[in-house]
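Residue numbers (the numbering used here), protein chains in the order written: chain A, 1 to 688; chain B, 689 to 863.
Please keep in mind that the hints were generated in silico from the structure rather than gathered at the bench. In this text, all values refer to a predicted model and were calculated from it rather than measured experimentally. Among the clues, some could well be false.
[Stated by the list, open to error] The list that follows gives simulated cross-link-like pairs (lysine-lysine, DSSO-like), each with its CA atoms no further than 30 Å apart:
hint, chain 1, residue 1, chain 2, residue 2
1, A, K510, B, K759
2, A, K456, A, K659
3, A, K508, B, K753
4, A, K508, B, K759
5, A, K77, A, K510
6, A, K510, B, K753
7, A, K510, B, K859
8, B, K861, A, K508
9, B, K859, A, K508
10, B, K861, B, K793
11, A, K77, B, K759
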Amino acid sequence: MSGPSDYQPQNAVLKWVERRLPIGGLIHSSFIAYPTPRNLNYWWTFGAILSMMLAVQIITGIVLAMHYTPHVDMAFKSVEGIMRDVNYGWLLRYMHSNGASMFFIAVYVHMFRGLYYGSYKEPREVLWILGVIIYLLMMATGFMGYVLPWGQMSFWGATVITNLFSAIPYVGDSIVTLLWGGYSVGNPTLNRFFSLHYLLPFVIAGVVVLHVWALHVVGQNNPAGVEPKTEKDTVPFTPYATIKDSFGMACFLIFFAWFLFYTPNFLGDPDNYVPANPGVTPAHIVPEWYYLPFYAILRSIPSKLGGVIAMFSAIIVLAFLPWLDGAKVRSARYRPLAKQFFWIFVVDCLLLGWLGAKPAEGVYVVAARILTAYYFFHFLILLPILSRVETARPVPNSIADDVLRKSGAKAVVSAVAILAVGGLALLGNVSSARAQGHEQPMPPGLSWSFAGPFGKFDQGQLQRGLKVYKEVCSACHSLNYVAFRNLADQGGPSYSEAQAEAFASEYKIKDGPNDQGDMFERPGRAADYFPAPFPNEQAARAANGGALPPDLSLMAKARGYDRGFPLFVFDLFRQFQEKGPNYIVAILTGYEDAPQGFTLPPGGNYNLYFPGHSIGMPKPLSDGQVTYDDGSPQTVQQYATDVAAFLMWTAEPKLESRKRLGLQVMLFLIILSGMLYFTKRKVWADAH
Amino acid sequence: MTTSTSAEPTRRDFLYVATGAVAAVGAVATAWPFISQMNPDASTVAAGAPIDVDLAPVAEGQAIKVFWRGKPIYIMNRSKKEVEEARAVPLSQLPDPQTDQSRVKEGHDQWLVVIGICTHLGCIPIAHQGDYDGFFCPCHGSQYDTSGRIRRGPAPANLPVPPYAFLTDTKIKIG
Ligand code: FES
Numbered sequence: 001m002s003g004p005s006d007y008q009p010q011n012a013v014l015k016w017v018e019r020r021l022p023i024g025g026l027i028h029s030s031f032i033a034y035p036t037p038r039n040l041n042y043w044w045t046f047g048a049i050l051s052m053m054l055a056v057q058i059i060t061g062i063v064l065a066m067h068y069t070p071h072v073d074m075a076f077k078s079v080e081g082i083m084r085d086v087n088y089g090w091l092l093r094y095m096h097s098n099g100a101s102m103f104f105i106a107v108y109v110h111m112f113r114g115l116y117y118g119s120y121k122e123p124r125e126v127l128w129i130l131g132v133i134i135y136l137l138m139m140a141t142g143f144m145g146y147v148l149p150w151g152q153m154s155f156w157g158a159t160v161i162t163n164l165f166s167a168i169p170y171v172g173d174s175i176v177t178l179l180w181g182g183y184s185v186g187n188p189t190l191n192r193f194f195s196l197h198y199l200l201p202f203v204i205a206g207v208v209v210l211h212v213w214a215l216h217v218v219g220q221n222n223p224a225g226v227e228p229k230t231e232k233d234t235v236p237f238t239p240y241a242t243i244k245d246s247f248g249m250a251c252f253l254i255f256f257a258w259f260l261f262y263t264p265n266f267l268g269d270p271d272n273y274v275p276a277n278p279g280v281t282p283a284h285i286v287p288e289w290y291y292l293p294f295y296a297i298l299r300s301i302p303s304k305l306g307g308v309i310a311m312f313s314a315i316i317v318l319a320f321l322p323w324l325d326g327a328k329v330r331s332a333r334y335r336p337l338a339k340q341f342f343w344i345f346v347v348d349c350l351l352l353g354w355l356g357a358k359p360a361e362g363v364y365v366v367a368a369r370i371l372t373a374y375y376f377f378h379f380l381i382l383l384p385i386l387s388r389v390e391t392a393r394p395v396p397n398s399i400a401d402d403v404l405r406k407s408g409a410k411a412v413v414s415a416v417a418i419l420a421v422g423g424l425a426l427l428g429n430v431s432s433a434r435a436q437g438h439e440q441p442m443p444p445g446l447s448w449s450f451a452g453p454f455g456k457f458d459q460g461q462l463q464r465g466l467k468v469y470k471e472v473c474s475a476c477h478s479l480n481y482v483a484f485r486n487l488a489d490q491g492g493p494s495y496s497e498a499q500a501e502a503f504a505s506e507y508k509i510k511d512g513p514n515d516q517g518d519m520f521e522r523p524g525r526a527a528d529y530f531p532a533p534f535p536n537e538q539a540a541r542a543a544n545g546g547a548l549p550p551d552l553s554l555m556a557k558a559r560g561y562d563r564g565f566p567l568f569v570f571d572l573f574r575q576f577q578e579k580g581p582n583y584i585v586a587i588l589t590g591y592e593d594a595p596q597g598f599t600l601p602p603g604g605n606y607n608l609y610f611p612g613h614s615i616g617m618p619k620p621l622s623d624g625q626v627t628y629d630d631g632s633p634q635t636v637q638q639y640a641t642d643v644a645a646f647l648m649w650t651a652e653p654k655l656e657s658r659k660r661l662g663l664q665v666m667l668f669l670i671i672l673s674g675m676l677y678f679t680k681r682k683v684w685a686d687a688h
Numbered sequence: 689m690t691t692s693t694s695a696e697p698t699r700r701d702f703l704y705v706a707t708g709a710v711a712a713v714g715a716v717a718t719a720w721p722f723i724s725q726m727n728p729d730a731s732t733v734a735a736g737a738p739i740d741v742d743l744a745p746v747a748e749g750q751a752i753k754v755f756w757r758g759k760p761i762y763i764m765n766r767s768k769k770e771v772e773e774a775r776a777v778p779l780s781q782l783p784d785p786q787t788d789q790s791r792v793k794e795g796h797d798q799w800l801v802v803i804g805i806c807t808h809l810g811c812i813p814i815a816h817q818g819d820y821d822g823f824f825c826p827c828h829g830s831q832y833d834t835s836g837r838i839r840r841g842p843a844p845a846n847l848p849v850p851p852y853a854f855l856t857d858t859k860i861k862i863g
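Only chain A is shown next, with the shape it has when bound in the complex:
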C-alpha cells in the first residue's frame, strides 16, 4: 500500500498469480518491507493486539452463534447450554465475554497513546477519524452483545440505552419504537440486536482495513513525533515490528488468560445471571465498565436531552481533535505543559469512570459535573490555547538521533503505574457499584476448597449439599439448569452413571403426550432435569405468600456484594470469586430476632445479611434436620456451607476443568513470551 512493490516471486505459480492479482506484492509491501520507525516503543504494539482481539471476537462469536438461540424464551437457556453442555463452550463464551473487555482495554491504551504522542496530527487526521469511527462501532457492538444473554442487565441495559433516543425532540418516541420493533424491549429487539451484533464486527473489520490503509499511506507516527527522513530512521516491518508485536501480543494474552481462566466474572455483573424480568428493575443499573465515563457524563447533566447530547459530544469531540490541537510539535514528550495536562485528562477520565458506577446522588453528582466540565474544557479550550502559548522543547533532528539519546524508560514505568492503579480503581468501583445497600454487614469470607488457582470441589461436600438441597431447598426452589446426568460429570459430586440413573428414577417426571394424547408420569432418567416444585410461576407465588422462590442453578454467580476499596484490587490478584457462596451461607445462617425498633413487614423474616433485612423465606435450616452418613456435623452452619458449595458447582460446573486448563495455558504463554522476548532481542540486536 506504500507505493509500487519490488516483490519478485521466484515460484512459477506465484509469478502467474502475481501478474494477474498482485496480492503477494500487496502483502509484501504492507507487512514485510513496510518501513516502520525504529524508535517505536511498546505502546505501539497495541495496534497488533487490537487486530488480534478483533479476530478473537469474530472467531469466538461465529462459534457461539452456532449454539445460541435469539429468542426471549430460549436465549438465557441456550447460553447456559453453551456453558454446560457444548464441548469447551464455557471456554468459548468466557473468551468472548472477557475478550470484549480486553478489546476495550487495548483500544483505550491505543487511544491514549495517540493522544500523548499527537498521532492525530497532520497528515494523520483521516487515520484518526477512522479510529474514532471504529471506537463508536465497537461501543454499539459491545452494547448489543451484552443484550444477547438476556439476563437482567441485558434487558435493562437495552431499555435504558434505547431510551436515550427518546430524548430527541418530536421524533424521539417514534425512533425508540422503531429500534424496539414493539412497544417495549422484546423478542423483535433481541432478534435485530443479534443480527446487528453479528454484522457490525465485519463492518469494524472493514473500517480497520481503511485504518491500516491510511496508516500505510502516511506512515506510523513515533515517540519523537518527527517523520522518518532517511533509511537509517526505519527498519523493515518484518522481522522487526513483527517480532516485537508478537511479544506484545503474547504478554497481553497472559493478562487476558488471567481473567478468562481465573476471574471470568470479575468484570461482569452478577445480575446478568438472573434471567430477564420485564417486571423488576435491578437496584443498580450499571453499564459495562467501558462505558462508565460516558455514563457519568450522561447523568451529570440535569436535562434529558442535554445529557444525551453531552454524552455523544464527548465522543464526537475526539474527531475534531486534529483541529482543536494546532501545535506543530506532535509528541507530548517535547511539550512540558501538554504532557502534564495529558495526565490530568487521563485522571479525569478514570474518575469519571469511577463516578459512572456510583449512585447518582449527593456529592457524586457535583463531582461528575466538575469532571464533565473539565473533560470538555480540555478539548475545547485548553488544547487550542496551549497550542498557541506553549513553547516546546527542541525535538530531535531525526529518529536516528532520538534512538541514540537515552530512552524515556522512567516515563514509561510511571505511565504504566498510573494506568494500572487508575485502571484498577475503575474496575474495582464496578464491583463496588453492586453494593446491595449500605447498612448490611459484609458476609463473612469463608475458605472454600474450590478457591484459588488450584481449587477443586470437595466431592463429599457436594454430595452432602445435594442431600440438603433435595431434602430442604427443593420443596420451594427449582434447579432448572441441572440434569441428573450432571451428577456423574467430571468435576462434580462424582457419582457413577448408575448412581445418577438410580437417583433420577426416584423422581416422577411428567412426559407425554402418549398415543392417546394424554400426559403421563414416568420415573426420571439420567437425561432429565431436576423437576421444579411448582408447575408455574403463579403456583409458586401462591404457595409462598406472593414471593417467588428463585431458581437456584445460578444463585452462586447471581449474587454479589460490595467488598469495598482496596479489597477488590486484591480480589483480582488472589482470584477471589467466592462472593456468591459466602452470601448464600450468610443468608442461611443470618436469621435473627429483629432488633428493637425494626418493624418487619407482614410475611417478612429478619435476616442480618439480606438487603433491607426483611426476607420472605422463613428460616429454612435447623440443627439435625438432615442426616449425614459421613459423620460431618449436622449443624446449620455445616448444612449452609455444604449447600453453598453444591450451588457453586451447579452455577459453575466446569470450574475444575477451567482452572486446570488455565494452568496449562498460563505456563505455555509464559514460556512463549520468554522465547519471543529473547528472539526479539536477537532480531533487534542489529538495529540498535
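Position chain B with the ligand relative to chain A; hints supplied.
Okay, now just chain B with the ligand, sitting in the frame of chain A:
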C-alpha cells in the same frame, strides 16, 4: 536493510526455530476447542440414550416407525409369506449379500428392525411398496426387499440394522 551476520548463527537459528515451533504448537492446540465444539453437545448425547419400544400393538403385516437419535427406525412384523420371500432369494442375486437370518434376532424371526434411511442419499423409503414387498425409496427409485436388503436401484447397501435387543417377547430396547 541488510542483516549483519551473527557470530553464532546456529544458536540464533535454533532460537528462531524453537520459538516458531512453540507458537505453532499453541496455534494448533488453540484450534482444538473450536473444532471440538462442533461435535454433539452433552445434552444431545444424553438424549441419544437407548429407548424401549412396546411391540404388542403391532399386528402381523404391519410396520411402525419410531425415532431414535433423530433417525427413523422401521419395526416390521412380517407375515410368514414375507419371511419366506426373504429367505428364498439366493445370496448370489443380492448386490449386498446378507442372509435374512443374520438381520433378525433368533427366535424373533418375524420382526425386522432397520434404520429407515436409504443408503443412497438418505431419503426415507416407504414401507410395503415396490416390487419386492419391502421398501421403495421415492427419491431415486431404490427398492429393498422384505429383509430391508437392496435389490434394485442406485443404493449400494442394505438398510442398516440398529443395535437392539429383546427385553421380553413384546418389548425391545433400541440403542
Ligand atoms: S436416496 Fe433413496 S434412492 Fe436416492
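For each hint, the structure was consulted:
1. A/K510 with B/K759: holds, 24 Å
2. A/K456 with A/K659: OK: A/K456 and A/K659 at ~9 Å, within 30 Å.
3. A/K508 with B/K753: holds, 27 Å
4. A/K508 with B/K759: holds, 27 Å
5. A/K77 with A/K510: holds, 20 Å
6. A/K510 with B/K753: Distance of about 23 Å is within 30 Å: holds.
7. A/K510 with B/K859: holds, 22 Å
8. B/K861 with A/K508: With a Cα-Cα distance of about 21 Å, the restraint between B/K861 and A/K508 holds, given a limit of 30 Å.
9. B/K859 with A/K508: holds, 22 Å
10. B/K861 with B/K793: holds, 13 Å
11. A/K77 with B/K759: Holds: A/K77 and B/K759 sit about 26 Å apart, inside 30 Å.
In this structure, none of the earlier numbered hints is contradicted; all agree with it.
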